[in-house]
Amino acid sequence: MRFLWVEDFNEDSGDKITLKNNWIKYFDLKDDKLIDHETLKSVLEYLDNEENLYEFDYILIDIRFPLGSSDLYEKYFKEIITEEVFYKYADKESGTGILLYLALTLKYNFNKNRIVFISANVNSDSEPRCLKEMYHILYKCLYMKKTISENNILTPEERERYFKSDISLYKLLHNYKSDEEIKEMLPEFIDNDGKIIIEDYNYMLNHLEEIDKILKDSKSSESNNELKYNSVKKKFSNLGLKISQAYEKPTDLQILNGDKSWEFLIWKGNINKEDYYRLRSCVVEMCTCITKLGQKENLNVHKFNSVLKDGKRINDINEIISYLKTYIASALPNLNYYNSNQVNSIYNKFIKELSYLWEGTYGLNKNNYFSYHAVMKTLRNWNQHKKLNKFSTKDVAFIFIICMRGFFEINAADDVYKEYEKYENELLDLISSGKKHELKWGCEEEIAVKIGQSYGELYSESKKVNEDQHKDTIHAYNHISNIGSEKSDLTELSMQYIYKLFWHCTFPFDSIELICSDLEFKDNNLKATYSYNIKQDKYTPKDEITNKILESIYEITWESK
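Using our numbering, read the sequence shown as starting at 797 and increasing by one per residue.
Rather than coming from a laboratory, the hints here were simulated on the basis of the structure.
One thing to keep in mind: the hints can contain errors.
[Said to hold, decoys possible] Straight-line Cα separation of at most 20 Å, PhoX-like style, residue types lysine-lysine; simulated pairs:
1) 816 with 1045
2) 1246 with 1344
3) 1064 with 942
4) 816 with 829
Given only the sequences and the hints, what does the whole structure look like? Please build it.
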């Protein structure tokens, strides 16, 4: 995941590098995945270049940072807000982050769910420390519960801090509520011995939110903090506008303790579960890796060139890399909202760009990369003739992996390859929904039965299109090509053919024999059913990546309806 972070890192405080590094650790970010800007002017100039919009997935904004120039209203804000609103926030001590948020959502149509505020000015100064401490500890429990046993999530010190904060909050609430009311709204979470009593953390958080509201409603001081995040949020809400979530910067004590922003980590984990953005993030990262590998001369296109016609061969690998950066990495935009028709249109364009170079391929012969090239060549033909133009996110992930492996041979010894493989594995996980089918290579029957049945179906379909096609071929690639040819009456084809094509081209038959044909006369039509005796010397494991792809697409190929 890549973040655009607009933050001046307390430019007047001195050691900006140390401060930045501390905040990166607190929010569990990676420095090489950050794009920094310190002024409103610089980030707006960056956003105005459309090529930059693909480089990040999320945006982090401080509430206050320098304007950078007083001459921004006419160019960036005149069409979206009044001068009065602009100059209200157009000052580092006011709220330049609010201006950027308005520009992002109203001018650049950026998805507000992918923007968050990171600020020391989230809440009013009057919010009790004990309540903040309890929130922080509960969010840690919520984040860590899937990876650590309940008894080991909190340290003894954290249990003690929560217990003391609970007592402090109880005393504070006495100013507004009776003992009975307090006991109902503040259930006991940790007892005197430090043992966690309630393990429903969301239940506890809901109770704290109710208490938080009571305390805020009882204080008049909030009106004196107009530039705190919650004050701005309330004013926006009164105007019918929704403002993005905010997360507090760490205190000195939290930095000293090596603490984390657990609430932020929960948000980051949840937002990255959306398939479209998982795909988009991995595509951008893999294209970035390819660029790095190209600069180090640790990849080539020799095998791809071997299937291209003479006039189409690639002499300069930088042409491909430039093509990736210009057309591929930027082809999956940040969406303001998810619309299935819009996404399918984006996917169609993406597939068109990916398969473009297979326009110049020869008729394919069996070789190590045959299955990859067969998929891309068939996709190119079918998509061009509008016979295959509906793609799921899983389909696009599969096609992208196949395309990259068909393009490039990568030096696996390079450290960048490990990073590339990490994102490739994430896409494979997306395709399989985390449930890969482990192929047992000692058991040939599993693959043979699936491929044999599939071949019979493809043979029968292809025969209906062009009976002469079958006289000189046994290869499924030819039958699938025939099914999608101009002679076929099928106007809309399924991705199932493409998945099966990859399997058949990975395991081509040595020979095939028609052993019987059942004839049935029904409704004045003669129907023939074919069975086959298929000879395949051995279903052996292929290279590692091909095996991983096969295991990831097993269910979507053979078991989906």
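A quick look at each hint next to the structure:
The hinted pair formed by residue 816 and residue 1045 meets the criterion: a straight-line CA distance of about 11 Å does not exceed 20 Å. With a C-alpha separation of about 18 Å, the suggested pairing of residue 1246 with residue 1344 holds against the 20 Å cut-off. With a CA separation close to 15 Å, the supplied pair residue 1064 and residue 942 stays within the 20 Å bound. Distance check on the hinted pair: residue 816 and residue 829 sit about 14 Å apart at the alpha-carbon level, within 20 Å; holds.
When held up to the earlier numbered hints, the structure conflicts with none and fits them all.
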